[in-house]
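Following the hints, put chain B in place on chain A, whose structure we already have.
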Amino acid sequence: MASDFRQQIEAQRPYLLRYASMELRNRDAAEDAVQETLLAALAAEVSFAGRSNLRTWLTGILKHKIIDSIRRSSRERPLDGSDVESTVEDIDALFDQTGHWREPPQAWPEQALADKQFMQALEKCLAALPVRTSQAFLMREHLGFDTADICKELAITPTHCWVLLYRARMALRECLEKGWLKR
Amino acid sequence: MKLSCKEASRLLSQSMDRKMSVGELARLRLHLTLCDACRNFERQLKQLRQAVMRLFEQ
Numbered sequence: 001m002a003s004d005f006r007q008q009i010e011a012q013r014p015y016l017l018r019y020a021s022m023e024l025r026n027r028d029a030a031e032d033a034v035q036e037t038l039l040a041a042l043a044a045e046v047s048f049a050g051r052s053n054l055r056t057w058l059t060g061i062l063k064h065k066i067i068d069s070i071r072r073s074s075r076e077r078p079l080d081g082s083d084v085e086s087t088v089e090d091i092d093a094l095f096d097q098t099g100h101w102r103e104p105p106q107a108w109p110e111q112a113l114a115d116k117q118f119m120q121a122l123e124k125c126l127a128a129l130p131v132r133t134s135q136a137f138l139m140r141e142h143l144g145f146d147t148a149d150i151c152k153e154l155a156i157t158p159t160h161c162w163v164l165l166y167r168a169r170m171a172l173r174e175c176l177e178k179g180w181l182k183r
Numbered sequence: 001m002k003l004s005c006k007e008a009s010r011l012l013s014q015s016m017d018r019k020m021s022v023g024e025l026a027r028l029r030l031h032l033t034l035c036d037a038c039r040n041f042e043r044q045l046k047q048l049r050q051a052v053m054r055l056f057e058q
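Listed in order, the protein sequences are those of chains A and B. In terms of the working numbering, the first sequence opens at residue 1 and continues consecutively. In terms of the working numbering, the second sequence opens at residue 1 and continues consecutively.
Isolated chain A (complex conformation) (with noise of 0.2 angstroms):
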């Protein structure tokens, strides 16, 4: 029976990386969270018996695990002031001096979800945001954190986490409509 166990979380292995090499950026520091996920998920058999879905237990303790990787490399490496900086001059040149739209934004089609191609679109253009900005965004966006949680655990201010936010969002759309609607 145990071995079974051992089986089923071991498939699930795949699956728990490729998401926590999105939310972490790092493969080495991926595979470290998944490993201690597994470990932890077999000393808790017990704690599993009786709910339906395996991958969702999983998913919760791996997202734990996630933070605490987050909350250590950011203790370790600090976000420094030019990062912000830059991203404001990368704002600005969305915009022309009255404060107006350069390229106004269209509307997507309702249907861009069901998209393959957008969803691996997606998936790319997060990749290319940078590492802090693109952690920021997903704890928001994905593993639903409030930004002052976000703030407590990257180390950084409550306004700079908004830039952070504003800036992978504007970053994302701009991607998107260059990789995927201008196909």
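Please keep in mind that the hints were generated in silico from the structure rather than gathered at the bench. These numbers were taken from a predicted model, which means no experiment stands behind them. For glycine and all other residues, C-beta sits at the position ideal for the given N, C-alpha and C. Heads up, a few of these hints could be off.
Coverage of chain B stretches by chain A, computed from C-beta distances (three or more under 8 angstroms per stretch; other residues unrestricted) [to be verified]: (1) 9-20; (2) 35-49; (3) 52-58.
This is chain B only, laid out in the frame that chain A set:
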């Protein structure tokens, strides 16, 4: 004080992350009734959020 598109885009992004003040909401609403581009941008931010959730479910 009327918002520019640049200011509106910044506030629209923040509205995904924090509660807006009554004044901010009023200025945003006024801008959005007059500006197609920023309405499209607002919609895109929501599509982006949904798309990210879906990306991780695959």
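| said: To test your reading of the hints: which numbers does this structure violate? | reply: none
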